[in-house]
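Based on the sequences and whatever the hints tell you, model everything.
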Amino acid sequence: MSLLEIENLSLTIGNTQILRDVGLSVASGEVMGLVGESGSGKSMTALTVMQLLPWAARATGRVTFDGIDILAASEDQMCALRGDDIGMVFQEPMTALNPVKTIGEQVAEGIRWHTKASRADAEDRARKMLDRVGLPAANFPLSRYPHELSGGQRQRVVIAIACALKPKLLIADEPTTALDVVLQAQILDLLRDLVAENRMGLLLISHDLAVVTEMADRITILRHGEVMEAGDTARTLSEQLHPYTRQLAQASMHVPARAEAHNAGSGKPLLQVESVTRDYPGPRTSLFRHSAPTRAVDDVSFSMAPGQSVALVGRSGCGKSTLARMILALDKSTAGTIRFRGETVTGKSEAELKPARRDMQVVFQDPYGSFDPRQKVEKLVAEPLHVLEKKPAPAERREMVAHALHEVGLSPRDMDKYPHEFSGGQRQRLSIARAIITRPKLVVADEPVSALDVSIRAQILDLFAELNQKLGIAYLFITHDLTVARAITDEVMVMHDGRIVERGRTSEVLDHPQSEAAKALVAAAPDLHRAIARRLQEEG
Amino acid sequence: MTAYLLKRLTIALVTLVLASMVVFAVLEVIPGDPARLMLGMNASADQVELLRNQMGLNAPLALRYLHWAAGLLSLDFGRSYTYSVPVIDLVRERIIVSLPLALIALVLSTVIAIPVGLFSASRRGRAGDTIAMGAAQFGVAVPNFWFALMLIYLFAVWLRLVPAGGFPGWSAGVWPALKSLLLPAIALALPQAAILARVARSALIEVLHEDYIRTARAKGMPYRAVLWRHALRNAMIPVLTILGLQFAFLLAGTIIIENVFYLPGLGRLVFQAINQRDLIVVEGVVMLLVAAVIAVNLVVDLSYAIVDPRLRSRQ
Numbered sequence: 001m002s003l004l005e006i007e008n009l010s011l012t013i014g015n016t017q018i019l020r021d022v023g024l025s026v027a028s029g030e031v032m033g034l035v036g037e038s039g040s041g042k043s044m045t046a047l048t049v050m051q052l053l054p055w056a057a058r059a060t061g062r063v064t065f066d067g068i069d070i071l072a073a074s075e076d077q078m079c080a081l082r083g084d085d086i087g088m089v090f091q092e093p094m095t096a097l098n099p100v101k102t103i104g105e106q107v108a109e110g111i112r113w114h115t116k117a118s119r120a121d122a123e124d125r126a127r128k129m130l131d132r133v134g135l136p137a138a139n140f141p142l143s144r145y146p147h148e149l150s151g152g153q154r155q156r157v158v159i160a161i162a163c164a165l166k167p168k169l170l171i172a173d174e175p176t177t178a179l180d181v182v183l184q185a186q187i188l189d190l191l192r193d194l195v196a197e198n199r200m201g202l203l204l205i206s207h208d209l210a211v212v213t214e215m216a217d218r219i220t221i222l223r224h225g226e227v228m229e230a231g232d233t234a235r236t237l238s239e240q241l242h243p244y245t246r247q248l249a250q251a252s253m254h255v256p257a258r259a260e261a262h263n264a265g266s267g268k269p270l271l272q273v274e275s276v277t278r279d280y281p282g283p284r285t286s287l288f289r290h291s292a293p294t295r296a297v298d299d300v301s302f303s304m305a306p307g308q309s310v311a312l313v314g315r316s317g318c319g320k321s322t323l324a325r326m327i328l329a330l331d332k333s334t335a336g337t338i339r340f341r342g343e344t345v346t347g348k349s350e351a352e353l354k355p356a357r358r359d360m361q362v363v364f365q366d367p368y369g370s371f372d373p374r375q376k377v378e379k380l381v382a383e384p385l386h387v388l389e390k391k392p393a394p395a396e397r398r399e400m401v402a403h404a405l406h407e408v409g410l411s412p413r414d415m416d417k418y419p420h421e422f423s424g425g426q427r428q429r430l431s432i433a434r435a436i437i438t439r440p441k442l443v444v445a446d447e448p449v450s451a452l453d454v455s456i457r458a459q460i461l462d463l464f465a466e467l468n469q470k471l472g473i474a475y476l477f478i479t480h481d482l483t484v485a486r487a488i489t490d491e492v493m494v495m496h497d498g499r500i501v502e503r504g505r506t507s508e509v510l511d512h513p514q515s516e517a518a519k520a521l522v523a524a525a526p527d528l529h530r531a532i533a534r535r536l537q538e539e540g
Numbered sequence: 001m002t003a004y005l006l007k008r009l010t011i012a013l014v015t016l017v018l019a020s021m022v023v024f025a026v027l028e029v030i031p032g033d034p035a036r037l038m039l040g041m042n043a044s045a046d047q048v049e050l051l052r053n054q055m056g057l058n059a060p061l062a063l064r065y066l067h068w069a070a071g072l073l074s075l076d077f078g079r080s081y082t083y084s085v086p087v088i089d090l091v092r093e094r095i096i097v098s099l100p101l102a103l104i105a106l107v108l109s110t111v112i113a114i115p116v117g118l119f120s121a122s123r124r125g126r127a128g129d130t131i132a133m134g135a136a137q138f139g140v141a142v143p144n145f146w147f148a149l150m151l152i153y154l155f156a157v158w159l160r161l162v163p164a165g166g167f168p169g170w171s172a173g174v175w176p177a178l179k180s181l182l183l184p185a186i187a188l189a190l191p192q193a194a195i196l197a198r199v200a201r202s203a204l205i206e207v208l209h210e211d212y213i214r215t216a217r218a219k220g221m222p223y224r225a226v227l228w229r230h231a232l233r234n235a236m237i238p239v240l241t242i243l244g245l246q247f248a249f250l251l252a253g254t255i256i257i258e259n260v261f262y263l264p265g266l267g268r269l270v271f272q273a274i275n276q277r278d279l280i281v282v283e284g285v286v287m288l289l290v291a292a293v294i295a296v297n298l299v300v301d302l303s304y305a306i307v308d309p310r311l312r313s314r315q
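Line order of the protein sequences matches chains A and B. If you count the first sequence from 1, position 362 lands on 362 in our numbering, and the numbers rise without skipping. If you count the second sequence from 1, position 293 lands on 293 in our numbering, and the numbers rise without skipping.
FYI, nobody ran anything at the bench for these hints, they're computed from the structure. Accuracy of the hints is not assured; some may be wrong.
Said to hold, decoys possible - Capping the alpha-carbon separation at 16 Å, the derived lysine to aspartate or glutamate pairs in EDC-like fashion look like this:
1) A:Lys417 / A:Glu378
2) A:Lys101 / B:Asp211
3) A:Lys101 / B:Asp301
4) A:Lys168 / A:Glu197
This is the structure we're talking about:
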């Protein structure tokens with residue numbers, strides 16, 4: 001019998017049906033991958049096993065863990081299971097830890113609670129567990145607070161909490177989605193090792209097919225709360241019998257059709273960045289002294305031709321967003337000049353920047369956070385129009401908004417709706433409509449598709465490609481996702497510790513990386529083709 | 001941490017100096033000549049002028065401010081115009097009534113508000129929460145002197161458990177003295193507790209939605225334990241802020257409440273001093289209250305750093 005057995009699980013919250021007849025099982029030492037797009041019910045399945053569902057949720061069916069009927073278990077029984085036999089790791093490591101307690105306290109707390117160990121014993125075990133997840137005592141004493149750690153380090157602490165008592169089952173809900181690819185590979189390695197060491201069952205939840213393929217022995221594909229297909233990972237994904245499986249696999253490898261790339265060097269450059277540096281003052285050590293400044297961007301130079309699509313890739317914290325902010329004149333450089341269409345942008349006043357602002361726009365990562373929820377689409381999309389020389393009349397304005405909406409594949413009727421009436425993908429279309437309404441020459445897109453599901457992401461990448469062709473907009477794509485870079489850009493720049501360490505044609509750099517930083521990125525990036533091939537090979 | 005401490009301390013001192021200027025200036029422009037008041041209506045203009053010179057009232061404004069401020073530093077608040085005794089002696093007699101009263105009220109309001117906030121937050125939207133918050137709403141709306149009158153009627157007139165007013169003095173024993181402070185303290189504390197409970201509830205509800213609460217639950221800790229160990233401390237920052245602000249209201253509240261209960265405290269002293277145009281007493285007492293409020297807020301600022309480790313390392 002399996003360790004975790006879910007049969008005919010249905011779940012409603014209020015009057016909404018969340019899960020319908022879901023079945024899956026996880027055996028000891030096995031990795032089960034649960035894949036699906038947002039809203040498919042992946043997380044709710046996990047929370048049902050933990051019995052941490054919202055108040056109004058009602059579950060029917062059977063969930064058995066190690067012979068215990070979870071749906072019938074009392075809260076006391078569940079408290080005894082949680083954190084002891086079942087551990088859970090969550091998506092967002094930045095907020096998963098209590099900011100006012102030390103990491104030692106937080107790891108030791110569960111140990112003390114379940115084993116009634118003394119504080120000293122529990123701290124001793126917490127220390128060993130932190131060592132195990134790669135946070136050695138020399139740099140990470142128990143007295144550290146979460147805010148002193150990076151995202152990847154915090155996720156290690158969360159894993160230490162979940163695995164401190166060697167659980168029989170670990171549920172990991174998108175454990176690496178918020179991390180860059182190199183950190184993702186490290187965390188996945190750690191999870192794999194923990195599974196092997198303790199014959200722990202792992203229920204790995206992810207929207208990323210490539211990640212799941214690399215990790216999972218078996219896979220369950222969920223859509224709208226129902227299981228579409230389940231089975232051996234390699235076979236399921238190589239045969240792709242179910243249409244939805246095929247659709248998911250294709251979407252995650254989607255490359256938009258693009259005409260021949262623009263060549264740099266033809267005519268005047270659109271954007272020139274010359275020896276740009278940005279220092280941030282270090283933390284204050286006393287009332288009047290700061291410690292040495294941090295150099296976020298270090299002597300960066302490059303140029304972009306009109307219509308060119310360039311990717312700026314690098315690990316989180318490498319300085320790529322700081323560089324983008326300086327290009328958009330939202331941040332001042334410490335040294336160096338940035339020229340846009342031959343005119344200097346650096347050191348200009350807001351009024352002098354107006355013409356430049358008209359021709360460069362931005363698309364952000366989070367389609368939920370980048371709109372004022374109390375304003376209508378017409379006003380939101382028309383926002384950049386205030387940089388135009390001549391303010392358009394209301395009728396003219398509506399016309400322009402309608403046109404922009406049409407160009408991104410939305411209906412002009414959507415103008416009178418509010419942002420919450422749109423899905424995540426539609427909202428990203430709205431951001432793009434807002435970016436192109438002034439007919440810019442350059443759009444800076446900061447991780448524009450990383451918050452989107454694969455199928456939506458394929459559509460948005462298509463849209464970017466189409467607008468590039470049709471309107472001749474140049475793109476600077478900031479991303480840590482190499483598949484995005486490969487899909488949509490002609491050239492790629494690899495950034496590491498504030499410097500551009502490699503630059504070249506996208507396919508060349510990604511296939512034959514030269515610098516250490518680029519090699520590390522390419523090696524860590526999950527790739528569906530490669531992962532399936534490797535799995536098939538292993539199984540013979 | 002040291003930088004944070006120094007910064008807060010500097011801000012507190014600057015605030016104190018500015019406040020002293022404002023207090024001095026405001027009382028300067030209020031009509032009413034203390035010399036004329038002391039001498040009575042029949043005094044001649046020459047006599048008044050002589051006394052004004054003696055009292056130093058004719059010196060330039062800046063000079064008088066400096067003289068007064070220098071006196072404050074050595075706890076010399078000057079002499080009362082009406083009682084002709086040092087202001088500090090008047091204050092000393094009264095502060096042993098007002099300070100315990102304010103502190104008891106502060107402790108009471110915290111002790112009432114935090115459990116009510118926890119209770120309501122953990123039963124959000126259910127009957128218990130609705131009743132508790134309805135009561136809190138009532139507490140916010142009703143003025144404290146009305147509470148005071150109701151309390152007197154109930155406990156002093158009807159049940160005869162405590163005196164209706166007056167203060168026997170600490171020499172009469174700790175218990176009788178405390179007993180006469182009990183009703184005023186409750187009357188002062190209840191409206192404050194109502195506000196604080198609402199703040200605590202909403203701060204807790206916000207914190208209970210945080211991811212780390214789920215992490216703690218996934219460790220296998222029961223809801224109640226998570227509430228006490230993880231949620232409460234994180235919800236303390238807004239609660240401490242309000243607590244600091246409330247101290248000022250408590251001090252102001254004593255002026256009304258001490259009058260309702262005939263307590264010989266600072267509030268009554270300042271009330272009478274205003275009536276008698278005894279400006280030097282008013283100045284002294286007000287400065288003392290200002291200093292107390294600034295000190296309490298400094299303590300609140302420092303307690304932020306104790307509650308939240310991020311404040312300790314950031315600045």
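(message) Under the constraints set out in the numbered hints, which ones does this structure not fulfil?
(response) 3
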